[in-house]
Structures are given as C-alpha cells and as structure tokens.
Amino acid sequence: MTSVILFCILGYVAGSIPFSYIIPTLFGKDIRKVGSGNVGGTNVLRTLGFLPGFISIMLDIFKAFIPVFVAKIFYGNISWIPYLTAFFAIIGHDYPIWLKFKGGKGVASTAGVMFGLSGISGLIFVMIWIPITLVTKYVSVASISALILSSIFSFFYDFKLGILMVILAIIGTYKHKDNIIRLLNGNENKTDIFKIFKKGIKK
Numbered sequence: 001m002t003s004v005i006l007f008c009i010l011g012y013v014a015g016s017i018p019f020s021y022i023i024p025t026l027f028g029k030d031i032r033k034v035g036s037g038n039v040g041g042t043n044v045l046r047t048l049g050f051l052p053g054f055i056s057i058m059l060d061i062f063k064a065f066i067p068v069f070v071a072k073i074f075y076g077n078i079s080w081i082p083y084l085t086a087f088f089a090i091i092g093h094d095y096p097i098w099l100k101f102k103g104g105k106g107v108a109s110t111a112g113v114m115f116g117l118s119g120i121s122g123l124i125f126v127m128i129w130i131p132i133t134l135v136t137k138y139v140s141v142a143s144i145s146a147l148i149l150s151s152i153f154s155f156f157y158d159f160k161l162g163i164l165m166v167i168l169a170i171i172g173t174y175k176h177k178d179n180i181i182r183l184l185n186g187n188e189n190k191t192d193i194f195k196i197f198k199k200g201i202k203k
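Heads up: the sequence shown at position 193 corresponds to 193 in full-length UniProt numbering, and the numbers run straight through without jumps.
Hints were generated in silico from the structure; no laboratory data involved. Treat the hints with care, since some could be wrong.
Here are the in silico distance ranges between beta carbons for each label pair [unchecked claim]:
id : residue 1 : residue 2 : range
1  : 152       : 77        : 13 to 21 Å
2  : 78        : 182       : 36 to 44 Å
3  : 163       : 99        : 23 to 31 Å
4  : 135       : 155       : 25 to 33 Å
5  : 1         : 187       : 45 to 53 Å
6  : 167       : 119       : 15 to 23 Å
Computed list of lysine-lysine pairs in DSSO-like fashion (alpha-carbon distance at most 27 Å, straight line) [as the list claims (entries may be wrong)]:
id : residue 1 : residue 2
7  : 137       : 190
8  : 177       : 33
9  : 102       : 33
10 : 29        : 137
11 : 137       : 102
12 : 33        : 137
13 : 33        : 195
14 : 195       : 137
15 : 102       : 177
16 : 190       : 33
17 : 199       : 137
18 : 137       : 177
19 : 29        : 100
20 : 190       : 29
21 : 177       : 190
22 : 199       : 29
23 : 160       : 72
24 : 100       : 177
25 : 102       : 190
26 : 195       : 29
27 : 199       : 33
Glycine residues also receive a C-beta, built at the ideal position from the N, C-alpha and C atoms.
Sequences are here, hints too, so could you generate the full structure?
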C-alpha cells in the first residue's frame with residue numbers, strides 16, 4: 001500500500017509540473033492570457049511558434065513518461081501500480097496544484113504515459129494523432145480521435161491499459177468540451193503544423 005501511495009504521489013507531482021506555462025514565461029508570455037488560454041503545448045505552438053511549442057510538448061511527454069516507466073521497471077505490467085501512476089500523472093497535468101488546478105488537456109502527457117506502459121500503444125496514439133492533425137488542421141479532432149481509438153485498440157493487447165485509456169479518453173474528451181462547442185459552431189482554431197515549422201526555421 002505504501003508503494004502505491006508513493007507512486008501515485010510521484011505521478012501527480014511529475015505530471016503537475018506546468019512546462020507549458022514555464023516555457024512561455026521564459027519568452028515573456030503568460031500562456032493563460034494568449035491564444036486559447038489553455039496551458040498546453042498546442043497553445044504554446046500556435047501562439048509562440050515552433051521552438052517554444054516543441055519544447056513544451058516534449059517536456060509534457062517526458063514528465064509523464066518517466067514516473068510511469070520507473071513504476072513499470074519496478075513492478076512490470078502485472079501490477080496496477082504503473083497504471084495508477086499513469087492516471088495520476090494525467091490528473092497532475094490537467095489539475096496542477098501550482099496553477100490552482102487549472103492545467104492543460106493532457107494529450108501530450110497521455111502519449112507519454114502510453115509510451116511508458118507500452119511502446120506499441122504510444123506509437124498507435126501518435127500515428128493516429130499526426131495524420132488527422134496534418135489533414136484536418138484541427139488538433140482537437142486529432143486528440144479526441146487518438147484518445148478514443150487508442151482506448152479501443154489497447155484492449156486487444158493489455159486489458160489494464162484498455163481500462164486506463166477509457167478513463168483517460170473520458171477525461172480528455174471532457175477537457176475538450178469548449179473545442180467541441182467551437183467545432184459544432186464552425187469557429188474552432190486551426191493549427192497548421194507545416195506552416196508553423198517553416199516559419200520557425202526561417203527565424
């Protein structure tokens with residue numbers, strides 16, 4: 001029981017480090033006051049450009065990956081501890097105590113925990129997210145699709161991961177409720193990854 005509590009705390013604390021808030025402050029910006037106001041890598045990417053956005057996204061991935069991977073090293077896939085660690089890492093990202101529990105939507109961090117639990121699941125998540133983002137330019141559509149489809153695929157090779165992903169898909173879809181409303185109203189923000197990348201290279 002002590003190990004469970006310690007790893008849950010580790011997951012939450014690591015996940016709650018608000019890199020998508022910290023990185024923009026280094027560029028003189030409060031990410032909560034620009035763009036969509038979301039403390040997430042996509043908002044950083046869209047408002048501050050490729051480099052700050054890329055750094056924020058990668059750090060959000062790794063902050064979730066590391067505690068889960070450590071838990072898996074100690075306990076393997078037989079125990080529920082790595083999965084609980086993953087859950088609390090996402091809760092930490094979405095509801096960080098340092099920002100009065102107002103965090104991001106957990107998409108990059110979800111990719112991180114999936115890579116930590118299973119390389120295959122992480123690849124599936126990314127391979128769903130990337131093409132939908134590039135084709136539609138709606139990160140929200142890609143994120144919700146990746147969450148839902150990954151939760152389905154996960155059951156085929158890891159029942160515990162499937163249960164975790166269903167829970168994370170529900171939380172992630174809820175966190176995208178404003179995006180869903182904008183999509184229905186036809187005024188959702190688009191993100192052209194290629195355009196942002198080219199602009200970043202030219203600087």
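Checked hints:
1. 152 to 77: 13 to 21 Å: holds, 19 Å
2. 78 to 182: 36 to 44 Å: With Cβ atoms ~43 Å apart, the hint holds.
3. 163 to 99: 23 to 31 Å: Since residue 163 and residue 99 have Cβ atoms about 28 Å apart, the given range 23 to 31 Å holds.
4. 135 to 155: 25 to 33 Å: holds, 26 Å
5. 1 to 187: 45 to 53 Å: holds, 49 Å
6. 167 to 119: 15 to 23 Å: holds, 21 Å
7. 137 to 190: Holds - the C-alpha atoms of residue 190 and residue 137 are around 5 Å apart, at most 27 Å.
8. 177 to 33: Holds, at about 19 Å.
9. 102 to 33: Holds: residue 102 and residue 33 sit about 13 Å apart, inside 27 Å.
10. 29 to 137: holds, 24 Å
11. 137 to 102: Roughly 25 Å separates the two Cα atoms, so the pair holds.
12. 33 to 137: holds, 23 Å
13. 33 to 195: holds, 23 Å
14. 195 to 137: Holds, at about 11 Å.
15. 102 to 177: Given pair residue 102, residue 177 holds - Cα atoms ~15 Å apart, limit 27 Å.
16. 190 to 33: holds, 18 Å
17. 199 to 137: holds, 16 Å
18. 137 to 177: The hint holds at about 18 Å.
19. 29 to 100: Status holds; Cα separation ~18 Å.
20. 190 to 29: holds, 21 Å
21. 177 to 190: holds, 16 Å
22. 199 to 29: holds, 19 Å
23. 160 to 72: Judged against 27 Å, a Cα distance of about 13 Å means the pair holds.
24. 100 to 177: Roughly 20 Å between the alpha carbons, so the hint for residue 100 and residue 177 holds.
25. 102 to 190: holds, 23 Å
26. 195 to 29: holds, 22 Å
27. 199 to 33: Measuring from Cα to Cα gives roughly 23 Å; hence the hint holds.
Of the numbered hints given earlier, the model fails none.
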